[in-house]
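Participant: Going down the list, the sequences are from chains A and B.
Under the working numbering, the first residue of the first sequence is numbered 1, with each subsequent residue one higher.
Under the working numbering, the first residue of the second sequence is numbered 1, with each subsequent residue one higher.
A couple of the hints might just be wrong.
As the list claims (entries may be wrong) - In silico BS3-like links for lysine-lysine, alpha-carbon gap of 30 Å or less:
hint, chain 1, residue 1, chain 2, residue 2
1, B, Lys-317, B, Lys-345
2, B, Lys-317, B, Lys-44
3, B, Lys-132, A, Lys-86
4, B, Lys-41, B, Lys-132
5, B, Lys-41, B, Lys-413
6, B, Lys-41, A, Lys-46
7, A, Lys-86, B, Lys-413
8, B, Lys-413, A, Lys-204
9, B, Lys-427, B, Lys-413
What the hints assert, rightly or not - Restraint ranges, calculated between C-beta atoms of paired labels, are given here:
hint, chain 1, residue 1, chain 2, residue 2, range
10, A, Asp-215, B, Gly-248, 53 to 59 Å
11, B, Asp-47, A, Glu-88, 38 to 44 Å
12, B, Gln-158, A, Leu-151, 38 to 44 Å
13, A, His-150, B, Gln-158, 48 to 54 Å
No lab work stands behind these hints: they were computed from the structure.
Heads up, the beta-carbon is just placed ideally off N, CA and C, and yes, glycines get one too.
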Amino acid sequence: MPWNRRNLIAIEELSRAEIEQIHATTAAFKKILQRSVKKVPALRGKTIVNLFFEPSTRTRIAFEMAAKRLSADVISFDAAASSTTKGETLRDTAQNIQALNADLIVLRHSAAGSPLYLSRLLNIPVINAGDGAHEHPTQALLDTFTMKEHLGALKGRKVVILGDILFSRVARSNIWALTKLEADVTLVGPSTLVPHWFTDLGVKVSHDLKSALADAEVVMLLRIQHERQASSHFPSLGEYTSMFGLNKTRASWLNPKAIIMHPGPINRGVEIDSDLADSNRSVILEQVSNGIAVRMAALYLCSGGQPEAVLTTA
Amino acid sequence: MSLLWITNARVIDPAAKRNARGNLFIADGRFVAGFSAGQKKSAKKIDARGLVACPGLVDIHVHLREPGQTHKETIQTGSCAAAAGGFTTVVCMPNTSPVADNAGTIEYIHNAIEHDAVVHVHPTGCITVGQKGEQLAPTGSLKRAGVVAITDDGHCVQNNELMRCAVEYAKMFDLPVMDHCQDEAMTQNAAMNEGVMSTRLGLRGWPHAAEDVIVSRNVILSTYTGAHIHLQHISSKYSVDIIRRAKGRGVRITAEATPHHLALTEAALVGYDPNFKMNPPLRTEEDRRALIEGLRDGTIDCVATDHAPHTDYEKDKEFDYAPFGVIGLETALPVVLDVLHRQGKFSLPDVIALMTHKPARLLNLPGGTLAADAVADVTLFDPDEKWLYDAEAGFSKSGNSPWHRQTLTGRVKTTIVSGRVVYDGQKIVT
Numbered sequence: 001m002p003w004n005r006r007n008l009i010a011i012e013e014l015s016r017a018e019i020e021q022i023h024a025t026t027a028a029f030k031k032i033l034q035r036s037v038k039k040v041p042a043l044r045g046k047t048i049v050n051l052f053f054e055p056s057t058r059t060r061i062a063f064e065m066a067a068k069r070l071s072a073d074v075i076s077f078d079a080a081a082s083s084t085t086k087g088e089t090l091r092d093t094a095q096n097i098q099a100l101n102a103d104l105i106v107l108r109h110s111a112a113g114s115p116l117y118l119s120r121l122l123n124i125p126v127i128n129a130g131d132g133a134h135e136h137p138t139q140a141l142l143d144t145f146t147m148k149e150h151l152g153a154l155k156g157r158k159v160v161i162l163g164d165i166l167f168s169r170v171a172r173s174n175i176w177a178l179t180k181l182e183a184d185v186t187l188v189g190p191s192t193l194v195p196h197w198f199t200d201l202g203v204k205v206s207h208d209l210k211s212a213l214a215d216a217e218v219v220m221l222l223r224i225q226h227e228r229q230a231s232s233h234f235p236s237l238g239e240y241t242s243m244f245g246l247n248k249t250r251a252s253w254l255n256p257k258a259i260i261m262h263p264g265p266i267n268r269g270v271e272i273d274s275d276l277a278d279s280n281r282s283v284i285l286e287q288v289s290n291g292i293a294v295r296m297a298a299l300y301l302c303s304g305g306q307p308e309a310v311l312t313t314a
Numbered sequence: 001m002s003l004l005w006i007t008n009a010r011v012i013d014p015a016a017k018r019n020a021r022g023n024l025f026i027a028d029g030r031f032v033a034g035f036s037a038g039q040k041k042s043a044k045k046i047d048a049r050g051l052v053a054c055p056g057l058v059d060i061h062v063h064l065r066e067p068g069q070t071h072k073e074t075i076q077t078g079s080c081a082a083a084a085g086g087f088t089t090v091v092c093m094p095n096t097s098p099v100a101d102n103a104g105t106i107e108y109i110h111n112a113i114e115h116d117a118v119v120h121v122h123p124t125g126c127i128t129v130g131q132k133g134e135q136l137a138p139t140g141s142l143k144r145a146g147v148v149a150i151t152d153d154g155h156c157v158q159n160n161e162l163m164r165c166a167v168e169y170a171k172m173f174d175l176p177v178m179d180h181c182q183d184e185a186m187t188q189n190a191a192m193n194e195g196v197m198s199t200r201l202g203l204r205g206w207p208h209a210a211e212d213v214i215v216s217r218n219v220i221l222s223t224y225t226g227a228h229i230h231l232q233h234i235s236s237k238y239s240v241d242i243i244r245r246a247k248g249r250g251v252r253i254t255a256e257a258t259p260h261h262l263a264l265t266e267a268a269l270v271g272y273d274p275n276f277k278m279n280p281p282l283r284t285e286e287d288r289r290a291l292i293e294g295l296r297d298g299t300i301d302c303v304a305t306d307h308a309p310h311t312d313y314e315k316d317k318e319f320d321y322a323p324f325g326v327i328g329l330e331t332a333l334p335v336v337l338d339v340l341h342r343q344g345k346f347s348l349p350d351v352i353a354l355m356t357h358k359p360a361r362l363l364n365l366p367g368g369t370l371a372a373d374a375v376a377d378v379t380l381f382d383p384d385e386k387w388l389y390d391a392e393a394g395f396s397k398s399g400n401s402p403w404h405r406q407t408l409t410g411r412v413k414t415t416i417v418s419g420r421v422v423y424d425g426q427k428i429v430t
């Protein structure tokens, strides 16, 4: 099946087959990254602009490395040092970058829907690197890719997403990806951060940690996002940790082979005990490494590349 | 003597319970019972065959943006949009720049109305100084300067004691208080209705409870003080229920609903188009149906547009950053005919009543009837004509309409203000 999307905006709009195509392409790029020469000429002569209006460590570096491994020229834009501080709008900024001959834009923005808005405005591809509390598609693609490496097919597998779901784009993208891959998903956290509306997306909602963690094969922790919270959705970080933080006792409720995931940045001692984050059940750093191959796949496919071409070279 | 004779119209005047084919006779800007043979010879005639003739439409909630935001709209352009939409009387909100919280600003607005307006425009004044919700504006001076109501529209007085004093004080002047019902703490950074759609779109939710608590507050204060409080742009099913029960007890509460809340739901937000971003936000199908039923049984008193112009460069941006509001004067009649008459099975007179004498009566405005001696404001419209609405080609200075490039059914053909044709179906006649 040929790949025919030029934008990667949201997992919600992808089919299961498309998610699997990205995973297959990711696997091929991951093999290439294990060679002594890690670079391929797939995007030679192309210019990729990382348009980041919000702080980022992992996503931004992973997109930059991915572009370089594909031999593209990459420019990273820092909103704080740009004309946006002079009041230039997203629309004008993006149109100027297109006029400067960029071939693809990777956008991170605090406003939900902004990548869709840009994709309608521009005639170059747009990849969403996180838009407000809406979606973070490449994160969910790397998360599900990592889960598949450990568990195989995800159908019927019990996955718990624990933490601040309301304000999390990672949660939303993972909900879409995991339900399309037929995993059994339960969202857990305080009732103010895990509203019942989520059940409409095809997942379970629970506020009881013990029953939710029982026999789960994956637990994905989410950071408590102080920066997105308008007001107090829970009494204190201390109370959050005592009610919902993952510690050794609670981790013992999981399936013995369960993996612990976190998209980062982690708040050690808040959503997860420091020891657990570093334990052999934690795949947090594997997620980060897989982030490069996933972004290579995203950049490659949205630039017009076809999965078969990589699958045969790898 | 200036004489105008409208013939062959289907004349609908809900206030006078008139609904029959007939004539309208206008002499020197007022309706008269009939013309003499001589007058019939000299009168200018309009053949309204196939058209409905109704009292000029009345909109008690528009933003004309003057003074201070004339890049969005002016009293001139806004009143032209009103005329093109069949409105002959509009009530403009005081959240201008500066806000209309003193008699001097009202006088400025009156001067602009006198020079520029093509329809009747009545200003409102603020409830509080600077619309800051801290100190009462000089309500008596505002009344003397000619405001027809006070409101902090766009903001809602959060302090219950201040609101109680405001309504108690305004009651002394028989001045209605219009309230924009929104609990601010519950809607911080909110962009759309809270629910499944806001969950999907990742936009900050705005619960209907934020409207309901203020509607309840206002019912309580109206009960306690006996003051008339008018609830602006009701959007929630639960609020409709609160109002219905209050009216059942005889509380002096009135309410309006906008065409966009009657016609659209949050489902329209799927593409993050800021032309569907308004305050209060579009809600669910259940809420929409409750508003229609509220209009049917009189719980909601009238339709008002909340015409809120913003330029393309203000609206065309990230959804979170775009301002709230849509224009509505030029589309209200066809949209309301569609929702209430064709889909909702309201009779034409019932629909017209919601846009003429009922809103006029709420604020004690003249107009809203075709009875002899009344000011001759008339709208002639074809309820069945289909037309393509192009917001950019409209009369408003702004084009932020959810109905841009849509085919609408029902079209205003002539608008008459004080016996003079101001809109002829194509252009403003000056």
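Participant: Now, for every hint given, state plainly whether the structure supports it.
Facilitator: For each hint, the structure was consulted:
1. Between the alpha carbons of Lys-317 (chain B) and Lys-345 (chain B) the distance comes to roughly 38 Å, so the proposed pair goes past 30 Å and is violated.
2. In summary, the hint linking Lys-317 (chain B) to Lys-44 (chain B) is not supported, as the alpha carbons are separated by about 50 Å, beyond the 30 Å threshold.
3. Taking the CA atoms of Lys-132 (chain B) and Lys-86 (chain A), the gap is near 29 Å; set against the 30 Å cutoff, the hint holds.
4. This hinted pair does not check out: Lys-41 (chain B) and Lys-132 (chain B) have alpha carbons roughly 59 Å apart, beyond 30 Å.
5. The hinted pair formed by Lys-41 (chain B) and Lys-413 (chain B) meets the criterion: a straight-line CA distance of about 24 Å does not exceed 30 Å.
6. In summary, the hint linking Lys-41 (chain B) to Lys-46 (chain A) is not supported, as the alpha carbons are separated by about 80 Å, beyond the 30 Å threshold.
7. About 48 Å separates the Cα atoms of Lys-86 (chain A) and Lys-413 (chain B), which puts this hinted pair outside 30 Å; it is violated.
8. With a CA separation close to 56 Å, the supplied pair Lys-413 (chain B) and Lys-204 (chain A) exceeds the 30 Å bound.
9. Of the pairs offered as hints, the one joining Lys-427 (chain B) and Lys-413 (chain B) holds, with about 10 Å between alpha carbons and a cut-off of 30 Å not exceeded.
10. In this structure, Asp-215 (chain A) and Gly-248 (chain B) meet the distance hint of 53 to 59 Å, their C-beta atoms being roughly 55 Å apart.
11. Between Asp-47 (chain B) and Glu-88 (chain A) the beta carbons are some 56 Å apart, a value that contradicts the proposed interval 38 to 44 Å.
12. Judged by the Cβ atoms, the range 38 to 44 Å given for Gln-158 (chain B) and Leu-151 (chain A) is violated: they are separated by roughly 52 Å.
13. Separated by about 52 Å at the C-beta atoms, His-150 (chain A) and Gln-158 (chain B) satisfy the suggested range of 48 to 54 Å.
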